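**Q** One letter stands for each residue in the lines below.
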Amino acid sequence: MRWIHAMSAAALLLGASAVARDAHASPTREQYRLFRALSIDLQGRIPLPDEIAAFEQPGFDLDAWIDQRLQGPAYPERLRRVYLDALRLEVGSMFNFVSNPLVLRRARLLDPDGNPAYVYFRRGQRRDRVESDADFCLSPDETGVTITSNGQVSGTARPIDRTVWEQRTVAVRPWWLYRDYRSASPSQRINAGDGSAMVLSPVATLMVDADNTTPTTTVRVCREEAQTGARGAMFLSGRTAALPRAETYPGGRVTAPPADSAYARAHATDTVSCTSGTGVSLSDDCGCGVGLERCMPGNSLGNDPAAFNLPDNVPLGADQALDTRAQTQGDWSRFWWAQEAVHFLDDLFARDRDVRGLLNDRGTMVNGATAQFYRGFAGSTCCGNGTQFEQLEPTALFDPARVPADLTPHDLATWRRVDDRGPQASGLLTMPIFLAKYGTRRARAHIVYNAFLCRQFVAENIALTPSTEPNLMVRSGCAACHATLEPLSAYFSRVTESGWTFLPAERFPTLNPACATRNGNSPNGGCTSFYDPAFGSATQGMLRGAYGSTAHADEGPAGLARAVVDAPEFAACVAQNVSESFLGRSLTEEDRPLQESLVTALRTNGYRMRPLVRALVRADAYRNANNLASGAWREGATP
Amino acid sequence: MENRRRTFLKVLGGAAAAGVASQPLFRAFADPPAASDEFFVLIHASGGWDVTLSLDPRNERRGIIEPGSTDTIDTAPIRRWRNAPLDADSSTFEIYRPAGSSLRLGPAIGNLGDMPERLTIFNGLAMNTVSHADGTFFAATGRHLAGGKPIAASIDTMLANEFGRESLLPTVSVGYPSTYVGNELDARVSPLRVNSVDTLSKMLNRGNVNTTAVDRQAVTAMLTEEARDLAARSWYRDEIEGFGLQLAALPRMLSPDVQQIFNAAALAAAQPSFFPSPGLRFQNRAGVNCAFAVEAMKRNLVRCVSFASASHDTHAANYRSQPLIQQELFDTVAALVRALDAAPHPTLTGQRLSDHTHILLVSDFCRTPQINLTLGRDHYPNGSALVISPRFVGNTAFGRADDDQLLPVSAGMFADGDRPVAPPDVLATFVAAFGVNPRRYLRDGDVIRSLLRA
Amino acid sequence: MKTTLALALIFTLGCNSTPAAPTPAARADAGLSRPTEVVPTPVTAIPGHEVLAQDHAPKEPPRLMPAETLIRSYLALFGGLSPQALQVRLRGTTGDNLFDTWGDYLSALGVPDYAVDIPRAPQTNALMLAAFERIGVALCERAVQADLRGAVAVNDRVLFRFELPTPTRALTDEEFAARFDLLHRRILAYPAALAPDGRIARFRTLYRGAVERHADAGARAFNGPEAGWASVCEGLVRHPEFHLY
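Respectively, the protein sequence lines represent chains A, B and C.
Quick note, in the working numbering, the first sequence goes up one by one and the last residue is 639.
Quick note, in the working numbering, the second sequence goes up one by one and the last residue is 454.
Quick note, in the working numbering, the third sequence goes up one by one and the last residue is 245.
Just chain A, with the same shape it has in the complex:
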């Protein structure tokens, strides 16, 4: 057999690289093909005539050309696509983001002069009058109109008494109309948008008054909503019990005014943050802030009213939107959450940061919209039953104090790096888009396991037998997957499901004696919101999701990031994800040397991606590959 090896070696020596080119020879067809493929992959388009002309010049240095493209704007977009294809970091309207402390809906009424007028208000806003507490600020008796909690309107509007009008509502120049809304006398009113996602563009109905003609210069808003304080005093109405059920209540309201909660009564002298949903529900001092910047506008009384014009399709990036249409206030947040991930990925790849930062970078990118969200919106979903654990305001995954103060909601095209969001932040894992897209602890762990370790939970032929065992890590049939999944899920125990509220250990200890089971019964409702009775004991409750690993629960998402990037599969998975995307096929056993070389390129260069991509596009599998059949060779085709 020696001759075979000898001939093999000879044959291999005879072969020349498809891309090695005589300095004076014209490119071959395969060389053109490679150049076009490189342009598609590294420039995001086919080559232009002048680029082809340069390529045809004697002495053209393809490697230098590649290096230039790796510094170009299309390169980060190409790698971003690899990870967005894997993570699909967008959410549609199925992820409902309608937070009542956030949404300013508007009622159409008659002002004291009998003219139609809009009045903006928040559902659930605390007010000192029983006629309007946690309801619209003007009672049905005052307006002639009844507004139900789901936005239905009945009755016939009548002009509102001028004194009531002036007492209960104020005129504001809001952030969505004025670029300089933070100034004492805002004057820079915006114009209609240009169809770009980069320009703040309220829907047309927010730009005109209730007469549908007059351009809106100020909006009329309930007085409580117009307050600007960061904190408010605890509000006590004096109602200690719910009013008896009735058809109508004081002022003609159709909903019962709320009674003071036990918490409010016990903390009567406390103040609360006006950026948390709980704060808004406990204080009548909490409004929407300067220029209403802590609230989103809505053009109706609907549950999720229209707010801004936004593109539906941005496959080329938000700065090259393909279309635009009126979308809801929830769409606004969902759109910019997704854009945060896009810009985070672009920045990471453009600056060739350590790719492990996908998971463990404490920094992110913010623009005006996301800055506004983190400053004033994110806390609106906190804290529910957390008051039982003295949690009245969120421990933010992105500390609002670290958000650039000078970014206003109008700065949509300005993306700025924040190097440290806070101690809990960890790459994509703590971004709202990730936490919304993957709502449960297990879903979050699963996608990380899949996208960053290239592994999948699969139980083939197992028999699930009836069992009362709540521990899925040991339960027959379930254990095959959950023995791995539950400990991974535990890293997300401190981030609420379908949300981004962090549960700090000082208020929510993993093992909490206050939430122990009592005589075999579950603890109270507040406890069961956060603690799982199935894993509690007579001495302590178990934080939900933490049973897989209490240590992981305390490490949080950052702990998962550490575990994943330290895993030997991580670098191999990066190489696999990128090379499969570039080669357009799955890697096989035959690709192992390629994959190993890419892993080496990644590891020896500080986990930066450019060396990996450079190695990939110089690899035979990419560069020398062709699809020519032998028949084509016989016909004279040459690679």
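The set of hints was computed from the structure by calculation and includes no laboratory data.
Certain hints may be false.
[To be verified] Here are the in silico distance ranges between beta carbons for each label pair:
#, chain 1, residue 1, chain 2, residue 2, range
1, A, ALA64, C, THR172, 40 to 48 Å
2, C, THR172, A, ARG351, 50 to 58 Å
3, A, ARG182, B, PRO256, 57 to 65 Å
4, C, THR101, A, ARG351, 30 to 38 Å
5, A, PRO470, B, GLY417, 22 to 30 Å
6, A, THR248, B, GLY100, 50 to 58 Å
7, B, GLY417, A, ARG475, 44 to 52 Å
8, C, LEU81, B, PRO256, 30 to 38 Å
9, A, GLY302, B, ASP87, 33 to 41 Å
10, B, ALA221, C, GLU163, 24 to 32 Å
11, B, ARG252, C, GLY150, 32 to 40 Å
12, C, THR101, B, PRO77, 30 to 38 Å
13, A, PRO73, C, ARG169, 42 to 50 Å
14, C, ASP197, A, ASP61, 29 to 37 Å
[Unchecked claim] Here are some of the chain C residues that sit facing chain B, going by a computed Cβ distance under 10 Å:
#, residue
15, PHE99
16, PRO122
17, GLY136
18, CYS140
19, GLU141
20, ALA210
21, ALA221
22, SER231
23, VAL232
Bear in mind the structure is a predicted one, so any value in this text is a computation, not a measurement.
No residue lacks a Cβ here, since even glycine has one placed at the ideal position from N, Cα and C.
Fit chains B and C to the given chain A structure using the hints.
**A** Just chains B and C now, kept in the frame of chain A:
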């Protein structure tokens, strides 16, 4: 991405090249094209349905099972909901037993409850997963994902490969987990995946001011030849041959009758029963897809229509709408059956389309028997499936889940032993009903002969 | 190992068909009874095999151009406009129904929809081909209108950067080939001369057919050369080599 990598070395000239050139490629065109008079509608009830409200009803607190009740469900729109006592404060539902049938159904079954003789139900399906992606592809392919990727052809692709190779549209897939994986597949049957069928008519519009259809057809014909020549020069031919076949099909795609089936207004006019007023709250897209299926099949343009329904994934308070989501889906399927009853078969004179149309409904898995803290139900590794086919024995429920925990229990003796029924069995039985050897596509799964009509 | 075995097969077949001449050493030992040792002979030493083309390249199937790249390529080919600006131009103002909106085509082009977990299309399908035609026709006909109907200097043209003879004179084969090469290089990114045999002739036939069909076109319709070059453009923009790489 299919694994088709080959490395090789070739030397030109003489018998050497001939020897290499004759290496078998990895696709088979040896089989004669199959013609068929059968049609298929494959539906994925996405998100994981709660079978305790419909196909495998439970109305007792037993073991860990907490039945659907007035506490957790918005019962008002559920037409078959009849209160049955549960406790002092709430009611559950009465099991619906269609007249003359042994089937036990839940109130969410909707109008399908009126046609028990056509229903073949699989209960206690061993899904062995609570991952949406895994359950979705397991139900459609009979294989769990491997490395996060599907590794087998989906049922619509299998059927299109057997019966749809000559169809203009072998499979139209609207969000269905359609996969095109395997070396046995004809390039023509690659699923046509679309987001929605009724918004595609613009794609098929053509202006005739500057140039004409004849000009465009000349370009298409020339490109078809180019594709053929390129394929002949290629080592991997599938992509280019597929391109050429799709080019060849383009003139037919652009014909007026095809444009009609991709047009929302035309579908609504042709099949008003799928567009009730007031409109469906959740499943209006299912109605569009079913209208498309009927119209496309009447014209003999499509072999398989597969689609995913609106999501049944109700972990929280949205569980209140779970029975309505199901009722709307089952109502739509019932409307489909009736529309197929009313439609003549396009090639078999005197026969109805329903005599030759076969419907399979599956889901990712089912939902937990317990109600969670947020008053919803989470994922659970049991499942059900539903077949409506003249080749299947109707009025039948096969397999079961246990009484206390809703877990699959043995459905009988299979080739690999006593075990619950599983998705590969459903798929194997379904394709076997049409004379297809399941082993051509499915690694696992037994044919349950007792469910097939003689 | 697979490579080695493939070589073994290939060379075995090759040696059977063309036996090597015995070496002098073999001749000297011809009288001995032991088998003659087979001495490796380079294939290039075999008469007629002095110049041997060999393919060492790994084989890769063509992949579908990502939809984002396709749209960017359309933008680059037809003037480097923004998507919305190109959309306005493609829709036109004459009511000739050439284009709708990009949003109407994204699904068919295979753009993934992450919000609803629809992955990018990995391969072409019949509807995608219909979309390629719809968009290709719009792009090419608008380019013809902009470049060939107006008095635009050659160097200022978007696509058809060549002169045409007067409509009354047909292009010679050489004249067609030179102009076709410009378009071929622009759209498929390599010279037409390197294309598989027959391509130039095939496009020339396509061109002439359109010219003949439009010989007596009305004022609104394209005249012969306009229709001919529109068809050639469409043939390249819809070509498998354009969409697969």
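**Q** Would the stated hint for PHE99 (chain C) survive a check requiring a Cβ distance to chain B of less than 10 Å?
**A** 9 Å, holds
**Q** Just to be careful: measuring from the Cβ of SER231 (chain C) to every Cβ in chain B, is the smallest value less than 10 Å?
**A** Because about 5 Å separates SER231 (chain C) from the closest Cβ in chain B, which is inside the 10 Å limit, the hint holds.
**Q** Between the beta carbons of THR248 (chain A) and GLY100 (chain B), is the distance compatible with 50 to 58 Å?
**A** 53 Å, holds
**Q** Evaluate the given range 42 to 50 Å for the C-beta pair formed by PRO73 (chain A) and ARG169 (chain C).
**A** 46 Å, holds
**Q** Between ALA64 (chain A) and THR172 (chain C), is the Cβ distance one that fits in 40 to 48 Å?
**A** Holds, since ALA64 (chain A) and THR172 (chain C) (Cβ atoms, about 41 Å apart) stay within the stated range.
**Q** The hint says 32 to 40 Å between ARG252 (chain B) and GLY150 (chain C); measuring C-beta to C-beta, is that right?
**A** Once the Cβ atoms are compared, 37 Å apart, the range 32 to 40 Å for GLY150 (chain C) and ARG252 (chain B) holds.
**Q** The hint names GLU141 (chain C) as touching chain B; please verify it with the least Cβ-Cβ distance against 10 Å.
**A** With a closest approach of 5 Å, the GLU141 (chain C) hint holds.
**Q** Does the beta carbon distance between PRO470 (chain A) and GLY417 (chain B) stay inside 22 to 30 Å, or does it fall outside?
**A** Holds: the Cβ-Cβ distance is about 29 Å, inside 22 to 30 Å.
**Q** Tell me if the beta carbons of LEU81 (chain C) and PRO256 (chain B) are separated by a distance inside 30 to 38 Å.
**A** Hint holds: Cβ distance 33 Å, inside 30 to 38 Å.
**Q** Checking hints one by one. Is ALA221 (chain C) an interface residue toward chain B, by the C-beta closer than 10 Å rule?
**A** 6 Å, holds
**Q** Is the distance from the Cβ of GLY302 (chain A) to the Cβ of ASP87 (chain B) consistent with 33 to 41 Å?
**A** 36 Å, holds
**Q** If I claimed the Cβ atoms of GLY417 (chain B) and ARG475 (chain A) lie 44 to 52 Å apart, would that claim hold in this structure?
**A** 22 Å, violated
Checked against the numbered hints listed earlier, the structure breaks hint 7 alone; every other hint is satisfied.
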